[in-house]
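Participant: Going line by line, the protein sequences match chains A and G.
Using the numbering used here, you'd call the opening residue of the first sequence number 500 and step up by one each time.
Using the numbering used here, you'd call the opening residue of the second sequence number 553 and step up by one each time.
FYI, nobody ran anything at the bench for these hints, they're computed from the structure.
All of these numbers come straight from a predicted model, not from anything done at the bench.
Careful: at least some of the hints might be erroneous.
[Stated by the list, open to error] Under the rule of at most 30 Å between Cα atoms (straight-line distance), these lysine-lysine pairs were calculated in the DSSO-like manner:
| hint | chain 1 | residue 1 | chain 2 | residue 2 |
| --- | --- | --- | --- | --- |
| 1 | G | Lys555 | A | Lys554 |
| 2 | G | Lys621 | A | Lys563 |
| 3 | G | Lys606 | A | Lys554 |
[To be verified] Label pairs and their in silico Cβ distance ranges:
| hint | chain 1 | residue 1 | chain 2 | residue 2 | range |
| --- | --- | --- | --- | --- | --- |
| 4 | G | Pro663 | A | Val502 | 30 to 38 Å |
| 5 | A | Leu615 | G | Ile560 | 27 to 35 Å |
| 6 | A | Pro539 | G | Tyr565 | 23 to 31 Å |
Cβ atoms here follow ideal geometry from the backbone N, Cα and C, with glycine treated the same way.
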Amino acid sequence: GAVVSQHPSWVICKSGTSVKIECRSLDFQATTMFWYRQFPKQSLMLMATSNEGSKATYEQGVEKDKFLINHASLTLSTLTVTSAHPEDSSFYICSARIAGVVNEQFFGPGTRLTVL
Amino acid sequence: LAKTTQPISMDSYEGQEVNITCSHNNIATNDYITWYQQFPSQGPRFIIQGYKTKVTNEVASLFIPADRKSSTLSLPRVSLSDTAVYYCLVRGNNAGNMLTFGGGTRLMVKP
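Just chain G, same shape as in the assembly:
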């Protein structure tokens, strides 16, 4: 299983763009990159998933360079409610692959 490395914590202010980078040097050819958000005392919530280049949805963008050894989650114009822990995971596309959570990044959005 590819191991991921993320910053432990980040601070930001309302209205700013936040970029959280995740390293996954040992990512395999069939691995996807998935990001989850978790609020205190709640289950994780799927944010975005990608394989290469750029993926965008209504919540965030995910940038993946050509070598796929890292990825960056971009949250545009964060608000106080975006304060949460963000997890980067890599996993294969097979039925037997489970999710392995790393330490996550604790994002604090300040007013």
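With the rest of the complex left out, here is chain A:
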């Protein structure tokens, strides 16, 4: 149980285009989802916290207008990278917390974004 999926697993896009990444909790409800970014050989950096039905909370230095987060249901959060540039190329990982259980987060498999 407690499986989190991401789609797509990888995506290549042209500079200036927008890319949407989906994060789904497959067998549980997630009131809170988190979005991370990871550059090669580096650790995960939290980008934002997404709560179902409310606006996301972004970490310092993360542009909310560039990284649009929507958490419209208890099983789905989306991250849209708008007007992507090569420096946005990274590994994007989401995690989800089971509703009512604060101690565990379950991570998705990640999405590799390459912007040409």
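Got chain A; can you put chain G on it based on the hints?
Facilitator: Leaving out everything else, chain G in the frame of chain A:
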């Protein structure tokens, strides 16, 4: 948020026991200690979590001394497939607490 310090990398051989120690001198009373494993191009995977003393599951053991300022992840008889990055995190038990990843320890298991 309590900051964690771990060795950047470790080498081991198949069949050996590996102990990775993490320092968290500023851990708060309500903080838990959690370890994650990450393989290349995959999301982190939960290994073990504890608050004090010793916790053991089918994958690893976690040793936490009385002062809780450090913790040691013990992997018994590692195999090549245990080559990964291991992250030590401390976080509170409140709904608003998120995970903050440190640098992690890159474990290389050699044949």
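Participant: Are Lys621 (chain G) and Lys563 (chain A) close enough, with their CA atoms no more than 30 Å apart?
Facilitator: Between Lys621 (chain G) and Lys563 (chain A) the Cα gap is close to 36 Å, so the pair fails against 30 Å, i.e. violated.
Participant: For the pair supplied as a hint, Lys606 (chain G) and Lys554 (chain A), is the alpha-carbon distance within the 30 Å limit?
Facilitator: 40 Å, violated
Participant: Look at the Cβ atoms of Leu615 (chain A) and Ile560 (chain G) and judge whether their distance stays inside 27 to 35 Å.
Facilitator: 32 Å, holds
Participant: State, for the Cβ atoms of Pro539 (chain A) and Tyr565 (chain G), whether the hinted interval 23 to 31 Å holds or is violated.
Facilitator: 27 Å, holds
Participant: With respect to the beta-carbon atoms only, verify the hint that Pro663 (chain G) and Val502 (chain A) lie 30 to 38 Å apart.
Facilitator: 32 Å, holds
Participant: Given the proposed pairing of Lys555 (chain G) with Lys554 (chain A), does the C-alpha separation stay at or below 30 Å?
Facilitator: 28 Å, holds
In terms of the numbered hints stated before, the structure departs from hints 2 and 3, listed from lowest to highest.
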